[in-house]
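Enquirer: Residue strings, one per chain:
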Amino acid sequence: MKKYITDFTVVGKHVFNESYFTLTLKHPSKLPEIAAGQFVEVDVPGNKAVMLRRPISIHDVDPEKNTLTLLIQVAGKGTRTLSAIEEGATLNMVYPLGHGFSIAGERVLLVGGGAGIAPLLHLSKCFAAKGIRPTILLGGRSASYIPVQKEFEPYGTVGFATEDGTLGERGMVTQHSLFTTAYDHIYTCGPTPMMKAVARFAQEHHIACEVSLENMMACGIGACLCCVVDSDEGHKCVCKEGPVFNINRLTRWMAQ
Amino acid sequence: MLETKIHNLTLKNPVMTASGTFGYGEEFADFIDLNRLGGIIVKGTTGERRQGNPYPRMAETPSGMLNAVGLQNVGVETFCKEVYHRIKDLDTHIIVNVSGSSIEEYCKTAAMVDELDKIPAIELNISCPNVKKGGMGFGVNPEMAAQVVSEVRKIYHKTLIVKLTPNVTNIVEIAKAVEGAGADSVSLINTLLGMAIDVEKQRPYLSTITGGLSGPAVKPVAVRMVWQVAHAVSIPVIGLGGIASAADALEFLMAGAKAVQVGTANFIDPAVTIKIIDGLEDYCKRHRINDINDIIGII
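Chain order of the listed sequences is C and L.
When you read off a place in the first sequence, starting at 1, and then add 11, the result is the number in our numbering.
When you read off a place in the second sequence, starting at 1, and then add 55, the result is the number in our numbering.
FYI, nobody ran anything at the bench for these hints, they're computed from the structure.
In silico DMTMM-like links for lysine to aspartate or glutamate, alpha-carbon gap of 25 Å or less:
id, chain 1, residue 1, chain 2, residue 2
1, C, Lys24, C, Glu98
2, L, Lys173, L, Asp88
3, L, Lys136, C, Glu252
4, C, Lys37, L, Asp324
5, C, Lys13, L, Asp144
6, C, Lys251, L, Asp85
Reference listing, derived: stretches of chain C covered by chain L, where coverage requires no fewer than 3 residues with Cβ under 8 Å from a Cβ of chain L:
id, segment
7, 60–73
8, 217–229
9, 232–243
Some but not every residue of chain C turned toward chain L, in silico, with C-beta under 10 Å:
id, residue
10, Lys13
11, Lys14
12, Tyr15
13, Ile16
14, Glu52
15, Asp54
16, Lys88
17, Gly89
18, Asn103
19, Val105
20, His246
21, Val249
22, Lys251
Since we're looking at a predicted model, the values are computed, not measured.
We put the CB at the ideal spot given by N, CA and C, even for glycine.
Only chain C is shown next, with the shape it has when bound in the complex (with noise of 0.2 Å):
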C-alpha cells in the first residue's frame, strides 16, 4: 500500500471528556484506500516540546466525504497540544501506516480497551460490508472510558464491560458473557495485559486471533528501528511489520 505525506483540514471535533476526543480529518482529494487497524503519524503544530509525529490509530474512513477520523486518548504531551486543536486547522500527516486486520471468520468478537475501541469501528464497518455482523466487547475502568459506544451498534452485538459497573457488566472483558469459545476469530487493541488476556484465551481455545500492539516510534515506517516487539521471529518493527499480528508470532510476548 502506498505510504503519503497529505496536509488534512481539521472539519470536526468531538470532545468527549477530558480524556478523549475525535478529529475529522479531510483529504484535499481523494482519499486513497485504508485498512482497518493503520495508523498515521500527525505532526503535532505549536509545541516546540514536541519534535517527533504522534502515531494515531485511525478509527473511521468516510470514502464519500474524504475524511477519515481520529479517536485519541491524552496520554501526553503531544497528544494534549492536539487537544487543543480546532476545525479549520491542518494537520499534516504520513499514512496509511502498518498492516491491518485480516478480515477473516465468520463468528467473529472483537474486544477493546480504552483508547484500543479506535480502530475497531473501521473494522466493524469493514466486516459489515463482507455481511458478517461480529460481537463486539468494549471494556474500561469505567463508562467514561469508552467514549464511544452507540457508534458500533448499526454493525454488530455490542457489550460493555466497565471494572466499576457504571455500562455494562461489571468486571473485565474477559469475564464478560459474550467473552466465550462461540468464535472462529478474535480481534483485539487496548492496554497490553487485556491484549495478552484475551490473546491467551484465543490460544488456549485454538480460536485465530490478532492483536494490535502500541509501541512508542519514531518514524513510522520502519527505518529507526525503536518501535520492536519481541516477536518469535526476533524483533520486529510494530510501525512495519505490525501494529496489528497474528498471535501465531507472539508466542513469546504471550508468554511475557
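Use these hints to put chain L onto chain C, whose structure you have.
Expert: Here is chain L on its own, set in the frame of chain C:
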C-alpha cells in the same frame, strides 16, 4: 552546481542520508525519488545478524531524541545476498555502514562488502554508543581507532569513510589518527551519549539506561567539531548532526564539510532530504553561486 567530491566519489549533490535513520532507502521510496540523493548510507551492518537492545529504545527530548537501537541488522551475509540486489541499481551512491565488536568482525564485513560492485564506499562505524562491546570503544582512543582503520585498510580497496564519535575530549586527535591510518574521509558526528529519566515511573526511559542523542539539539556541537576537524585534516569531512533544513546543511558546508548527512529529520519529514537539496539550489541561485564548492570551508 551542487556536485561535490568525497575522495574519488562524485556526488550529484552533497546531501546523503545518515546510517540508521533511512533503513535501506526502500522505506522512503513512496515519499521521494531516491535517485536524487547524493548518497544513501544504509543501516549499520555487522558480521552476524543482531537483534539489538530490548524495547524501549527511544525517548523524545528537547529538540532531539535518544535512541538505543543497538545495531539491530540482518548481518552482512543477508545484506550481500538479499538487500544488495534490491537496491544496487539505484542511481545514487549506496554506502554501507560497517559496524562491529572486534577488528576481525569489522574486517569480515568490510571484505564481503568490498566484493559488491555497486557499493563504492564503506563508512566504518567506530562510534556507536549503544553496543556493549566495541563500537564507540574503538572511536574514543586514537591508537585503537588507528589500529582498526589500518587493519580494514589492508583488506578494503574502495573509499573508506570513518565515522567519528563526539564523546571524546579532543575529536581532532582521533580524526588525525584515522587519517594517518589510511582513512579516505571522516564523517562526524555520531550521537552524543545521553540519558533521560521518567520521573513518574522513577526509571530511565531506555532499556539500556543511556543512549545516543540526535536531532537539532546536537547541531551546534556537530558544527563546531566539523569546523575543528576540517581545519586539521586534509581528507574530506562529511558533516552530520541535527540537519533538518538547507540552512542547517549550509552551516556544515561553510564549516568545512564537503558533504552532509541527514538523520533524525527523516523521521519527522520523510521528504526532508529533497527539500534540503532544493533549498541548496535556491540558495546558490540567490547568492549567484555557480559551484557549491565555493562556499565549502569559508569559515
